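*Asks:* These are the residues of each chain, in order.
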Amino acid sequence: MRKSLLIFIFFSGCSLGVIAQETRPLISGDFQGISAAEMFRRMESATGYRFYFDVQHASQITVNTTANAEPLDRVLTKALQATGLKFSIDREHHVFITSRYQVITTLAAGYYKENRGNIMVIDEEAVPDFTAETKKPETKVSEKVVVIGEKKVRNKPHAIISGYVKSEKSGEPVINASVFIEKLQRGTVTDQYGHYLLTVPTGEHIFSIQSLGMQDQKLKVIIYSDGRMDVELKDAVATLKEVVVSAQKVANVTRVQMGLEKLNIATIKKVPALFGEADVIKAVLTLPGVKSVGEASAGFNVRGGSTDQNLILLNDGTIYNPSHFFGMFSAFNPEIIKDIELYKSSIPVKFGGRLSSVLNITTREGNKKEFTGLAGVGVITSRFNIEGPLVKNRTSFIFGARTTYANWLLKLLPDPYDRSKASFSDLNLGISHHINDQNDIYASGYYSTDQFNLASDTTYAYSNRSANLKWKHSFGNKLTGYFTTGFDQYEYHVTSKKNKINAYRLAFDVTQFNLKADFTHTLNARHTLDYGLNAVYYKLNPGSFTPVGTGSLVKDDIVSREQALESALYLGDRYNISQQLSVNAGIRYAIFNYLGPQDVNLYAAGVPKTETSITGTKHYNGGVIQTYQAPEYRLSVRYAFNNTFSVKAGYNSSRQYIHMLSNTTSIAPTDIWKLSDPNIKPQQGDQVSLGFYKNLKSNTIELSAEFYYKRLKNYLDYKPGATLVLNHHIETDVIQAAGKAYGAELMLKKPGGKLNGWISYTYSRILLKMDDPTISELINGGKYYPANYDKPHDVTLVGNYKVNHRLSFSANVTYSTGRPITLPIGRYYYAGSERVLYSDRNAYRIPDYFRADVAMNIEGNHKVKQKTHNSWTIGLYNITGRKNPYSVYFVSQNGFVRGYKLSIFGSILPFINYNIRF
Amino acid sequence: MKRISYLFIFLLLAVLACRERYDINLKSTDKVALVVEGYLNGGNGPTSITLSRSYALNSVGSPLPVTKAQVTVEGDNGSSFSLTEVGSTGRYRHSQLTLLPTQQYRLRIKTQDNTEYLSEYVPVLSSPAIDSINWKWENEGIMFYANTHDATAKSKYYRWEYEDTWEIISNYSSFVKVVDTLILPRNFPAEDVSHCWKYGTSSSIMLGTTAQLQSDVVFEAPLYFLPKNIEKLGVRYSTLVKQQVLTRQAYEYFLLMKKNTEQLGSIFDPLPSELRGNIRCLSNPAQQVIGYITAGITEEKRIFVSSNDLPGSNYIFPNCSWRLVPNKKDSLRKWMPALMPYAEDLDLFGNVVGYFMAPLVCSDCTARGGSNVKPSYW
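Residue numbers (the working numbering), protein chains in the order written: chain A, 1 to 918; chain B, 1 to 378.
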C-alpha cells in the first residue's frame, strides 16, 4: 500500500466536523438533461456552498432530476445516483464530488500519529486505495483539497507557500517542476532540491504542479495564511494513457527569464545520438542559438560566444573539458543526469565569470525508498549505475560509472592504426541527507578521464575532477540559504617516449576552490530577492615540460604557476509589478585579484607587445599584483498581454577572467587556460535581447522569437603562427580583439502529445575585429572578419513520435551554413614544392552542413512488479550518408598542391544500445 | 560480439578514411606575391637566389620567374656582391661569396619595374658536422633520421634538405636503337640504357630544434619517409643530406610555412595563417613577399640504401610485357611507337627474322627520366 497515493488534506488545527447534524439548504429547480457540472454551478450560486469537482468529467455526465424545496444532500443523492459520482459535505460548506469513492471529511479515530505541524494526512484505512482496482489513476482537481494556514490568522492579503515536490516513487526531489496558478498567471519552478516558494493571495486557488516525465497534479488549495505544502508526483511512465495537459504549459510565456532552454533527460534521450550515446552537449546543440564547428568538436558556441565563454556546471562544479574521445561524446553520464538548463541571454545574477552562457547540469538524487540500478551496453561504452537509500527516507546515494572497451577493438585495425589506443571513463557519486525540514546536506563528486594515442607514440591524457559539499538551510518560510564549498580540477598531460633523447612529459592543470553563500529571500508577494557571495580561488599550472626516463636530455621548462581570487557579491530582485509586468533586476559586483608570487613582463608603452618590446620583468613575492573590478548588470522585463502572449526584453553584461587559449578549430586536448593578468585584460561582453512568446492551440504549441545584439571587448584571438603552449610571454602572441554578434532565433515547439519536438531557425553572425592601433600587422587589415564558428543560417528539427508506450521513433534533422575557413588565394613554389598562399582570415566557407538521424526506442513490457526492465535503442546516424565536410584544406604533397575535404562521419552509422534496469 | 566488433571497425574506418579530393573554383587574386628563395652560402660553392611570383590556385603550369632583376648581397661592413641571372630562369647566381662570420648580410632586389625589396640583415651561421644519417624500416617503408650535436650549444635550430639519387635497371636490356626509321645496333658502353640514375630533391621542409633540451644534441630527428615498392627503393638509393643552422626567427618562419602547407588535415588543425618573412617591399609595405633569407655554412652527409637491405621492398617497373614482331615493315610500323624493339630474333643462319618489342620505358631507362651516366659517388 502506497501512502503517497493518499489524498492529502492540509488544514488548520482540528476544524473537521461532522456533517450529520447540519441542516442543509433547500434546493428547488429543474435539473433535467443538463450536465452535472452545470447542476453543481447552479447549486453553488443558490446555496453559497463551494463545490469541488472535476470540470471535464462532470461536464460529460448528464443528470435527470427535479427538486422542490428539498435539502441539498437529498437532491445530490438523487441526482448522482445513476452517475457513479459520490459526494460529501464538510463543516465548512464544501461539497466534494468524487467518482466511485466518497471523500470522508472526518478523520478516523486516533489519526494524529501522522500529524506534521499543520499538515494532516487522512489515514489509508479511511480512504481506499484508488489504484488497486482502477488501474487508471487520473488527475482530477476535485479529489485533492488542501487547506493551508490557520483560519484565525487571516489578516494578510497574501501568504507564502513553500514546500517540496518529490517523486512519489523514489522520494527524489523533482527539479524544475512548475508550480503554477493559472488564473493568476503566477507560478514558480522548483529548485534543484525540489523546493519551491510562492507568494499568493489568500483564498482559493487551483495549483497545477507539473514536471516533464511526471503526471500532472492539480490541487485545489484553500489558503488562510503562510504554510507549507509538499506534493508528490507520480512517474508518467506508470500511466497507460497519454497524459495530455496543455492549459498550463505556459512557462515560456510567463517566466521573466529570457533565452532559457531546459531539457530533461527524457527529452535528451529521445534525440538520436552518435553511437546511441545519449549526449547532453549534442542535445544542447539542437537548441536555437547553439552551434559547434563540427562533429568532432568538444565545445559549443552560444550566440557568437567562443567555447570557453560557457560556464558548464555539473552540480555546482565547473567542468573545463566537457568531452570524451576527441569531442565525439560529452563527458556526462546520461543515466544519472536529471536535466539541464542553458541560459543564453539573461544569466541569473548568481552566476558569473563567463560571457556567453551558463549550462547548468543537474544530476538526480538517489532513490530514498529502494535500491534500483541500471546496466547498459552500447557500441562504444557500457555503463552501470546504482542508487538507493542509506537511511530510508533520509539519506540516499547515487553512483554512476561509464567506460569504454575500445582498445582491443582498435587492435583489429590494419597497421599502423592497430597501435592506436583510446579509452575514457567517468564516475559520479551523489549523496543527499535530509537532516530535518530546515536542513539538508548534499555531497557530490565527479571524475572523468580520457587517454588516447592514434597510431603514434605520443599519449594524450586528460581528466576532470570535482567534489563539493552543500548545506541548505531554511531560515523560516521566507529565507533559504545555500552554502557550498568544493574544488574543481582539470589537468592534461602528453607523454612521448619513442625517442629516448627527446622523451618528455608536457603537463597542464588548473584547480579552483569555491566558496559560495546564496540566499533566496521572499519579501512579499511582489519581491523575491536573490543575494549572495561567491569566491573562487584559482591555482593554475600553465605548462611544464619535463624529461621522461634516464636517457632524456629534455630540460625542465616550467611556466610559473598562476593564482588568482575571483570574488563576487550580488543582489537581484524578482519584482512582480502587476499581473502583466514583471522585472528581474540584478547587479553583480566582481573583483578579480591576480596574486603573486609571479614574474610579470613589462612592455614599452604604445608599441606592440613583442619579445623585443619587453623592457623588463618585475618580480612579486606575493600579494595582489593586479585587480580588475566592475559591476555586471542583469535585467529582464516581461510584459504579458494575456495568458498566451508576452514580450520580454533584457540587458546582460558580464566579464570573464579566465580564458582558454586555442588556435585550433575545435577544443583540442592540449588547449590551456590562462588567467587575466596585468598584460591580458578580462574579456567583456554585453547583450541586449528582445523576445516574443506566443502559445497556440490551448498551449500545446509554443512559438517564440528572440533577437539579440551583443558586443565583445578584449576577445582573445591569436597572431599568425602563435605559440600557445609553454610560452612564457603569451601576451606577445595574442591580440585582444573586439567583436559583435547579432541574430534571431525562431522556435516552434510542441512539448507534449504523441508527436512532439521542436523546429528552430537561427540567424546569427559573429564578427571580430582587431583594432589595436599599436599592432602593425592586423589580421585582415583591421577589418571585421567572421569567427570560426560563424554559421549564419541554421535549421534544426527534433521530433519524436510515440506509437505506443513501448515503441517510439525519433528523428533529428539539421542544416547549417558551412563554417568560415581561411582558403588559399594562390600558389607559390618554395623548398622544392608548390605551396599555397593564404590571405584574409576566414574569407571563405566550407560547404553547407546537413545531417538527418533516426532512432527507434523499444521499451520492454511495463509491468511494475517485474524484476528488471529492458529497453533498446536502435538507430542510424547520418541517414543520408552525406559527407559533411569538417574542414577543407590544401597541402603540398610530392611537390604539388592538393585540396582535400575532411569529413568526420562520411557514411551512415548504425548503432544499437541495450539497457537493463533493476 | 563479433558483429559489434565489425561494426566498430567499420565505424573507425569511416572516421579515418573520410578524406577526399576537393577542388573548388576560387577567385584568382590580383594580389601577387614575390617569392624569394635562397641561401647565402658562406662556405665553398655557389650561391643562388630564385625569384618568382605566386600564381593563381587553379591555373596550370609552373611559377612565373621574375627575370631581369638586380640582385645584390650587401654586408653591414659595406661589402657588396652582385648576382647574375642564369638565362631567363629567374635564378640569380654568384659563383663564390666571401662572407665573414663576424658580419651580417642582407639581400637587395630591384625588379624590372623598379620596385625595390630589401631583406633584414642575417648572421652567417656555421652548421656543426652531421654525426650520422640513419634509417629504420617502419610502417612499410623507410624513415630517415638525422643525428648531430653542437658542443658549443649555439646551433639549436636546424633545417635539413636532401638531394637523392637512385639507380634504376631496365626490365629488358636494349641492344638495338631506332634512328629515324632504321633499327641499328647500340654501341656499348656509351649507349647502354639498361642502368640509369635518377635525381631528386627534397620537397618538404625538414626542421629540428634542441631548444627544449639541456644540451644541443639532435638524436634521430625524423627527416622523411619513403614507402616500400617505389622506384627509388628498387635497386639502390642514396641521399645527400644538407644541414643548415637557422636563427630562431627563421626556424619559426619555416615551421609556420610547414604547418600551413604540409601539416593540415587533422581534427585539431591550427588555423592557417599569413606568413611574414624577413624581406620587405620598400615602396609598398603591404606587398606580400614570401621567403626568408638565411646565410651560413652547411654541412652534408651521404648514405646509401640497397634494396637488399630492406626487409620487404620489391619494386618492378610495371606494364612491361614483350611481343615478338616479324621483321616486316608493315608489322613493325603497326606496333611502333607504342612498342619499341630492344633485341633481335635471329634464325639459325643469323638473319633477323623478328624483333622483341616492349614499351620504350621497359628497355630504355633514359626514357624513364634517368641518366645513364654513373655519378662519381656511386
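I should point out that these hints are in silico values taken from the structure, not numbers from a laboratory. These numbers come from a predicted model, not from an experiment. Hints may be right or wrong, so weigh each one.
Using 27 Å as the maximum straight-line C-alpha spacing, the simulated DSS-like pairs for lysine-lysine come out as follows [unchecked claim]:
id, chain 1, residue 1, chain 2, residue 2
1, A, Lys498, B, Lys242
2, A, Lys500, B, Lys258
3, B, Lys136, A, Lys500
4, B, Lys136, A, Lys497
5, B, Lys259, A, Lys783
6, B, Lys198, A, Lys498
7, B, Lys156, B, Lys228
8, B, Lys177, A, Lys497
9, A, Lys498, B, Lys328
*Asks:* None of the hints should be skipped; say for each whether it holds.
*Replies:* Results of checking the hints against the structure:
| no. | hint | in the structure |
| --- | --- | --- |
| 1 | A:Lys498 x B:Lys242 | 25 Å, holds |
| 2 | A:Lys500 x B:Lys258 | 25 Å, holds |
| 3 | B:Lys136 x A:Lys500 | 15 Å, holds |
| 4 | B:Lys136 x A:Lys497 | 17 Å, holds |
| 5 | B:Lys259 x A:Lys783 | 25 Å, holds |
| 6 | B:Lys198 x A:Lys498 | 34 Å, violated |
| 7 | B:Lys156 x B:Lys228 | 33 Å, violated |
| 8 | B:Lys177 x A:Lys497 | 57 Å, violated |
| 9 | A:Lys498 x B:Lys328 | 65 Å, violated |
Violated hints, listed in ascending order, are 6, 7, 8, 9; each of the other numbered hints is respected by the structure.
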